[in-house]
Every structure is written in C-alpha cells, then in structure tokens.
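K.L.:
Single-letter residue listing:
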Amino acid sequence: MKSTRRTTTVAVALGCLLIACANAVGATSGAKPVTISVASLIPGSTAAAVKQFNAQVAEFQRANPGIKVKPVEYQWTGPTFAAKLAAGTLPSVFEVPFTDARTLGENGQLADLTSYVKKLPYYSKYNPTVLTEGTTSKGKIVALPKGAYAQALHYNRTLFQQAGLDPNKPPTTWAQVMADAKQIADKTGKAGYAEMGKDDNTAGWILTTLVYSLGGRMEAGAGAKAKATLDNPQAVQALNMLKQMRWTDNSMGANFDYGWSDINQAFAAGNVGMYVSGSDVYTNLVQASSIDPSIYGLAPIPVATNNNAGVLGGGTLVAVKPSVSDAEKAAAVKWIDFYYEQPLVAKSQAIRNARTLAANKQPVGVPALPIFNAAQYALANTWIKPYINVPIAQMKPFTSGIFGQKLIAEPASSTQTVYHALDPVVQAVLTDKNADVSSLLAQANSVAQSAISSGT
Amino acid sequence: MAVVEVTPVRSRSDEVRMPRRTPLTWVRNGGLATFVFLLPLLFVFGAFSWYPIVRTVLMSVQHTNLVQRPTWVGLANFSAVIHDPLLPIALKNTLKFAALALVFGYPLPLIAAVLMSEVRKRRGLYAVLAYLPVVIPPVVAVLLWKTFYDAGSTGVFNTVLGWAHLGPYPWLQSQSTALPSLVLESTWANAGGTVIIYLAALTIVNPELYEAAGVDGAGILRKVWHVTLPQLRGVLLVTMILQIIATAQVFLEPYLFTSGGPANSTLTVLLLIFNYAFGNSLGGDYGKATALSLMLAAFLALFSWVYLRATRSWSTG
Numbered sequence: 001m002k003s004t005r006r007t008t009t010v011a012v013a014l015g016c017l018l019i020a021c022a023n024a025v026g027a028t029s030g031a032k033p034v035t036i037s038v039a040s041l042i043p044g045s046t047a048a049a050v051k052q053f054n055a056q057v058a059e060f061q062r063a064n065p066g067i068k069v070k071p072v073e074y075q076w077t078g079p080t081f082a083a084k085l086a087a088g089t090l091p092s093v094f095e096v097p098f099t100d101a102r103t104l105g106e107n108g109q110l111a112d113l114t115s116y117v118k119k120l121p122y123y124s125k126y127n128p129t130v131l132t133e134g135t136t137s138k139g140k141i142v143a144l145p146k147g148a149y150a151q152a153l154h155y156n157r158t159l160f161q162q163a164g165l166d167p168n169k170p171p172t173t174w175a176q177v178m179a180d181a182k183q184i185a186d187k188t189g190k191a192g193y194a195e196m197g198k199d200d201n202t203a204g205w206i207l208t209t210l211v212y213s214l215g216g217r218m219e220a221g222a223g224a225k226a227k228a229t230l231d232n233p234q235a236v237q238a239l240n241m242l243k244q245m246r247w248t249d250n251s252m253g254a255n256f257d258y259g260w261s262d263i264n265q266a267f268a269a270g271n272v273g274m275y276v277s278g279s280d281v282y283t284n285l286v287q288a289s290s291i292d293p294s295i296y297g298l299a300p301i302p303v304a305t306n307n308n309a310g311v312l313g314g315g316t317l318v319a320v321k322p323s324v325s326d327a328e329k330a331a332a333v334k335w336i337d338f339y340y341e342q343p344l345v346a347k348s349q350a351i352r353n354a355r356t357l358a359a360n361k362q363p364v365g366v367p368a369l370p371i372f373n374a375a376q377y378a379l380a381n382t383w384i385k386p387y388i389n390v391p392i393a394q395m396k397p398f399t400s401g402i403f404g405q406k407l408i409a410e411p412a413s414s415t416q417t418v419y420h421a422l423d424p425v426v427q428a429v430l431t432d433k434n435a436d437v438s439s440l441l442a443q444a445n446s447v448a449q450s451a452i453s454s455g456t
Numbered sequence: 457m458a459v460v461e462v463t464p465v466r467s468r469s470d471e472v473r474m475p476r477r478t479p480l481t482w483v484r485n486g487g488l489a490t491f492v493f494l495l496p497l498l499f500v501f502g503a504f505s506w507y508p509i510v511r512t513v514l515m516s517v518q519h520t521n522l523v524q525r526p527t528w529v530g531l532a533n534f535s536a537v538i539h540d541p542l543l544p545i546a547l548k549n550t551l552k553f554a555a556l557a558l559v560f561g562y563p564l565p566l567i568a569a570v571l572m573s574e575v576r577k578r579r580g581l582y583a584v585l586a587y588l589p590v591v592i593p594p595v596v597a598v599l600l601w602k603t604f605y606d607a608g609s610t611g612v613f614n615t616v617l618g619w620a621h622l623g624p625y626p627w628l629q630s631q632s633t634a635l636p637s638l639v640l641e642s643t644w645a646n647a648g649g650t651v652i653i654y655l656a657a658l659t660i661v662n663p664e665l666y667e668a669a670g671v672d673g674a675g676i677l678r679k680v681w682h683v684t685l686p687q688l689r690g691v692l693l694v695t696m697i698l699q700i701i702a703t704a705q706v707f708l709e710p711y712l713f714t715s716g717g718p719a720n721s722t723l724t725v726l727l728l729i730f731n732y733a734f735g736n737s738l739g740g741d742y743g744k745a746t747a748l749s750l751m752l753a754a755f756l757a758l759f760s761w762v763y764l765r766a767t768r769s770w771s772t773g
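If you're matching them up, the sequences are chains A and S in order. First residue of the first sequence? That's 1 in my numbering, and the numbers climb one at a time after it. First residue of the second sequence? That's 457 in my numbering, and the numbers climb one at a time after it.
Errors might be hidden in some of the hints.
Lysine-lysine pairs mimicking BS3-like chemistry, simulated, CA-CA at most 27 Å apart [what the hints assert, rightly or not]:
no., chain 1, residue 1, chain 2, residue 2
1, S, LYS548, A, LYS433
2, A, LYS406, A, LYS225
3, S, LYS679, A, LYS243
4, A, LYS433, S, LYS602
5, S, LYS577, A, LYS433
6, A, LYS169, A, LYS138
Treat the hints as calculated values from the structure; they're not laboratory data. Source: prediction; values computed, not measured.
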C-alpha cells in the first residue's frame with residue numbers, strides 16, 4: 001500500500017514536471033498567437049464574395065502562422081460608425097473615409113501606425129496628398145489609403161436605349177443630363193435621374209458634388225477659422241436644377257430618400273436612369289446587388305466651363321483601433337499590407353489577388369484614382385489585364401475623361417456636419433414644391449458655421 | 457361575507473423584554489442571509505440601471521469623446537440644447553405624433569376589445585389576430601410597411617387606392633404625410649398589446665350590470681358608455697399615461713422609416729438625442745445627448761406626477 005502511494009506521488013510529480021517543461025518550451029519556441037478582427041465585406045454580400053474573402057484570409061494565415069484573422073462584416077455609415085466607436089466595438093482593422101481620419105487621429109481615436117508604416121518598402125511611393133489624409137498635424141500616420149475615387153455619373157445603358165438615346169454618348173453638361181432624364185422618364189416611366197436624399201449626410205455629399213461641378217465651394221479657409229459658404233450661387237443653381245427635374249420635368253421618379261446602398265440597389269434593379277456616386281461603386285453593384293453588367297455605363301460628372309469647376313474626389317483609408325496591443329498593431333499593419341496595399345504594388349500579389357477575385361466572379365479592374373502615382377496605377381493595371389472582368393468599354397467615357405479633370409477635395413473642416421446641414425435642404429427641395437432655396441441654404445450655412453467654429 | 461382582519465397586538469411587557477439588537481443578533485435572525493440573497497439583485501440593478509443613470513447625469517455636465525479625459529463644462533450642454541434650432545422642431549413633431557396617436561391610436565384598441573368581447577365564437581382567434589403585429593419584430597414590420605408606403609404607383613397602398621382612381625400619394629416622401637404615416641404603422645404595431653389588456657379587464661366587469669342596463673332599455677352604445685367605460689376607468693388611465701410616455705419617446709419609426717426626414721418633418725426628441733450622440737461620425741456630442749435625455753426624463757416624471765394627482769379621484773372614486 002505504502003509503495004503504491006509513493007509510486008503515485010512520483011508519477012504526479014513527474015507529470016507536473018513534464019507539463020511545466022512543455023509550457024516553458026511552448027513559451028520560448030514561438031510568439032503567442034495574435035488574433036485580430038478585420039473589416040471584411042459589407043453586410044448582404046454574395047456568397048461568392050464571402051468565399052473569395054475567406055480564401056484571402058486563409059492565404060494570409062498560411063503566410064503568417066502566428067496571426068489569426070477574424071473577419072467582421074463592416075460598412076461605414078456615419079451613425080453606425082459613431083456608435084461603434086463610442087462602444088469600442090469596431091474591429092481591430094476598419095475603414096474610414098478621407099474626411100474623418102485626421103480628426104479621429106487628433107482626438108486619439110486611432111492607433112499611431114507611424115513606426116510600422118515607415119518600414120513598408122513602398123512607403124516613399126505613396127502619393128503625398130493621399131497619405132496626408134491619414135496623417136495628424138503632429139505627423140503621426142494613423143491610417144493608410146485603401147482607394148481613392150472621383151465622383152462619377154453612373155447611367156443605365158438599357159434605359160438610354162429604350163428612351164431613344166445613344167448609350168455611347170452620355171451627357172456632358174447638366175442641361176443634357178436634365179434633358180436626357182426627362183426623355184428617359186417620359187419614354188420608360190422610370191426615374192431619369194435619381195439622387196441620394198437621405199438624412200445620413202449622403203444628400204449633402206451629392207449636393208456638394210453638384211456645386212463643385214458648377215464651380216462653387218462649401219467653405220473658404222481652413223480649420224476652425226474656415227468660413228462656411230453653403231449659400232453660394234452655385235448651390236442655388238444646383239438646387240434649382242433639382243427643383244426643375246423634380247417638379248417641372250417630373251423626371252426623378254417617386255423615391256427621394258435613397259441612401260448610398262438603396263440607390264445602388266434601385267440602379268442595379270433597372271429603376272434609375274442616371275445617378276451620381278463614387279467611380280468605384282461598381283464593386284458594390286456586383287457584390288450586393290448582382291447587377292447585370294450589360295446595363296452599366298460610367299461617365300465623368302458634367303463640369304461647367306469656369307475655372308473653379310471640378311470633380312469632387314475622396315477615398316477610403318484603413319485604420320486600427322487605438323486600444324490594441326503592440327503585437328496586434330503589428331499584425332494589423334501586416335494585414336493592411338497584405339490585403340489592401342500589396343495588390344497595388346507587388347506584381348505577384350496583384351496577379352494572385354486578381355485571379356482569386358475573377359475565379360469567384362468578383363469585379364476586377366473597377367476604375368479608381370491612384371493612391372501611389374499614376375505610373376504605378378497604370379503598371380498595376382497592366383499586371384491584372386488578363387483578369388479584368390468589368391465592362392471596361394462601357395466605362396470608357398469615364399476612364400478617358402477623368403484624368404483631364406480638376407479634382408477637388410471634400411470640404412476640409414467639419415465635413416460630415418457640413419453635409420448633414422445640407423441634407424434637409426435637399427430633402428425640402430425634393431418634397432416641397434414651394435421650398436425657399438435661399439432661406440434653406442442660409443439656415444444650413446448658419447448650422448455649418450457654428451459646427452466649424454466649434455470644431456465639431 | 458365580511459372578512460375580519462386580526463392585527464396582532466404587542467403588549468408593553470413584550471417591548472420591555474425585547475433583546476438588544478447587535479450585529480450578532482442581526483446575523484442570527486437571518487439578516488446576513490437576506491443581504492447575501494439581495495446582493496445579485498443589487499449588483500444587476502446597480503450595474504445596468506443606477507450606474508448608467510449616474511453616468512448620464514455626470515456626462516450631461518461634461519464634454520467627452522469617451523476616449524480622452526472628460527472636461528467639466530457645467531450647464532453649457534443644457535444651454536446648447538435649449539438654443540438648438542432643431543429642438544422646437546423635434547418638440548413640435550413629438551407632440552404632433554403623441555396627439556395623433558392619442559386621437560386615433562388610443563380609442564382603437566378599446567373599440568376592438570369591446571367588439572371582441574361581444575363576439576361569442578372564436579374570440580381567441582380574433583385576439584391572436586389583433587396581437588400578431590406585436591409578435592412581428594419591429595424592424596421587419598417597418599420593412600414591410602415601407603413596401604406598403606412605396607411612393608410609386610406600384611406601392612401596395614397606392615395600387616389599392618389606384619383601383620378607386622386615387623393617388624398615387626407620396627406617403628413618407630412628403631413633409632405633410634410622413635408623420636401621420638408613421639402614426640398609422642405605430643398604431644397597427646402596438647394596438648395588440650393594449651387590446652389584450654382591455655380584454656382581460658373586461659372579464660372583471662360584472663355581467664349583471666349589463667343585464668340591468670339592458671332591462672333599463674340601454675343599447676350597446678349606452679352600455680359601453682355607462683357600464684364599460686366607468687368600470688375600466690382605472691385601466692384606461694394607466695394605458696393612457698403609458699401611451700403618452702411611449703409616444704414621447706418615439707424613436708424606432710422615425711429612425712427606420714425616414715431618419716427624421718423629409719426636411720426634419722419626422723425628427724422627434726429621441727431621434728434628436730440619437731443624432732447628438734451618433735449623428736456625427738467623428739464621435740458625437742454625448743454631453744448634449746445626455747442633457748436632453750435628462751430634460752425629457754424630468755419632464756415625463758413631472759407630467760406623470762401631475763397626471764396621477766389630477767386623475768387620482770377619478771381613477772379610484
């Protein structure tokens with residue numbers, strides 16, 4: 001009996017020793033695995049798009065065995081982003097528009113990535129203007145560019161044809177847009193021209209695009225000393241154009257509360273003749289709305305002939321949550337490098353990425369603006385040429401015209417608040433025949449000015 | 457049969473003989489066990505009810521983005537809310553919503569309940585049908601009604617009205633019809649719960665009262681007016697205050713249907729609070745949001761107190 005007890009004691013002691021040794025070996029043989037959550041696709045994406053994304057996650061994890069990536073569905077919208085930011089429920093890696101990154105960085109709401117980014121081999125190749133969008137006033141890099149876009153006119157070639165218009169000759173002036181819209185509405189019964197009109201800043205964003213194209217600006221100066229100029233003559237002109245299409249021509253259909261996703265769906269469903277949105281929206285039209293590629297046409301925004309007129313440009317940056325550990329931050333930058341940047345700078349990765357996308361019937365070759373330089377953008381496009389599956393010929397009016405146009409950045413101070421102040425103005429014009437444009441703009445200007453002055 | 461309540465009478469000598477209360481006697485008498493059993497409840501209420509209220513009060517006098525250190529701003533948030541040009545619009549819309557809901561939404565469940573109680577067969581089926589909208593998840597209901605309210609001639613309501621050569625109407629797309637459209641959906645979605653309450657309350661009305669009224673020659677309307685309503689007045693008063701409190705806090709419908717549009721015509725107080733907190737993607741103005749929340753809570757508390765005082769004699773008389 002005594003010997004049995006002794007044997008048991010020895011066995012337990014040996015077991016403990018073995019476990020301790022195993023733990024010690026585990027601790028020294030490799031770094032502790034790091035898990036990061038990353039923004040994946042927008043909710044409602046097709047199964048093929050999800051499969052393609054997961055394939056990229058698997059590839060990344062194979063190349064980085066110490067990192068585990070947890071994809072989280074993600075779509076940036078003003079209100080949901082603010083709520084997630086406040087609650088701390090954003091994924092470790094997430095996307096923000098050009099307009100927000102700098103201020104979020106100044107407020108300590110984004111992780112400082114400077115030391116990691118400067119080690120990237122292509123760091124010096126970034127277009128400095130684009131990189132500035134993710135750099136704070138103290139020089140901290142808090143976000144890396146994902147992509148840049150120019151606002152564009154998306155049009156339905158089938159509806160153009162049905163209305164007796166030439167789908168290869170999209171309108172090049174706003175007067176033509178209005179005339180074509182009326183013709184489409186009259187002949188097909190669909191909305192000839194539709195516009196985002198939702199109270200989530202999108203209405204203000206599109207109105208600003210129209211105002212830029214006519215030569216107006218929403219702000220003068222910079223920072224808290226900027227002067228709000230929402231009540232400029234071009235804003236009145238743009239709103240009067242909308243008023244005419246809505247109330248006189250009756251060419252805007254029956255829905256005036258489209259948000260970004262809704263208008264994409266309506267367009268993909270063939271209910272909208274023309275609308276304004278970012279040049280890269282085709283990806284969403286495929287992934288979330290399964291658009292029939294044959295109906296799609298892309299043209300530049302009509303721009304007035306004065307020197308101030310231009311195209312509103314913007315983009316998306318990728319940032320990291322400030323609460324992550326250093327190891328998670330390093331892993332997050334690795335993911336950003338792999339998923340967002342490598343396909344733009346490294347031939348092998350660009351080809352592999354394009355091949356996977358094409359194999360899963362995801363769009364390859366959607367027109368964007370270069371985040372490095374124009375030469376690098378053209379080079380990357382030659383790498384992926386065999387895999388380009390978007391109707392590139394139907395996008396030619398845009399791709400051949402955009403680089404000759406003047407690109408203008410979004411209003412720099414309190415951008416989202418400026419857009420938000422404009423939302424009810426657009427809604428009033430689209431829902432009230434007797435809306436007083438000048439008085440509405442004056443009210444919006446006062447709201448925007450107070451936000452700019454208080455830095456909110 | 458009368459019930460005689462017997463109250464134990466403690467004699468003076470009992471009081472004299474009561475042992476002195478010490479912590480030990482408190483433990484022996486089960487005080488500690490009671491406290492231990494109370495702890496989880498205190499924790500749950502503390503963490504999820506009282507702590508957020510305290511934080512709300514604190515945040516209303518602070519400026520914070522929830523990441524950096526908050527700064528004390530005194531009553532500046534309250535002042536900013538009061539001077540916000542959107543506040544009168546939100547108040548007006550909320551009052552309009554509450555008034556419309558009261559005029560159209562409040563009597564409807566009562567009428568439905570009275571009619572159902574008169575039905576002899578399949579009363580359960582009608583109750584289920586009335587309650588069904590409450591079971592449908594609110595977001596689903598709103599999506600469903602969005603197709604009803606589609607402003608095109610192919611929208612469900614516009615198609616039906618089109619058969620009578622009416623419309624198409626813009627429903628949610630017009631500043632004048634958007635808010636009434638929300639009230640209509642809200643009434644449909646919430647009436648079922650109140651119908652069930654009234655049905656239950658109607659079962660306690662003594663049938664002899666109806667028989668007596670019938671003998672006196674009263675028809676159904678006079679029976680309802682002279683028997684049902686007086687008998688239900690306690691319940692009616694409670695459901696009315698509950699409805700007023702609920703409509704003062706209406707958020708779901710304007711948020712999901714219209715986001716407060718078109719042109720702020722459906723912006724309600726709670727949506728304004730939400731917009732303060734989350735309307736700006738750069739991090740909201742939580743100070744203003746909590747300040748307006750406290751103002752609303754204080755108003756509702758005061759209103760409820762006045763309402764209960766004013767209706768006390770009627771509800772119990």
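K.L.:
Hint by hint, which ones does the structure fall short of?
P.N.:
The structure breaks hints 3, 5, 6; every other hint is satisfied.
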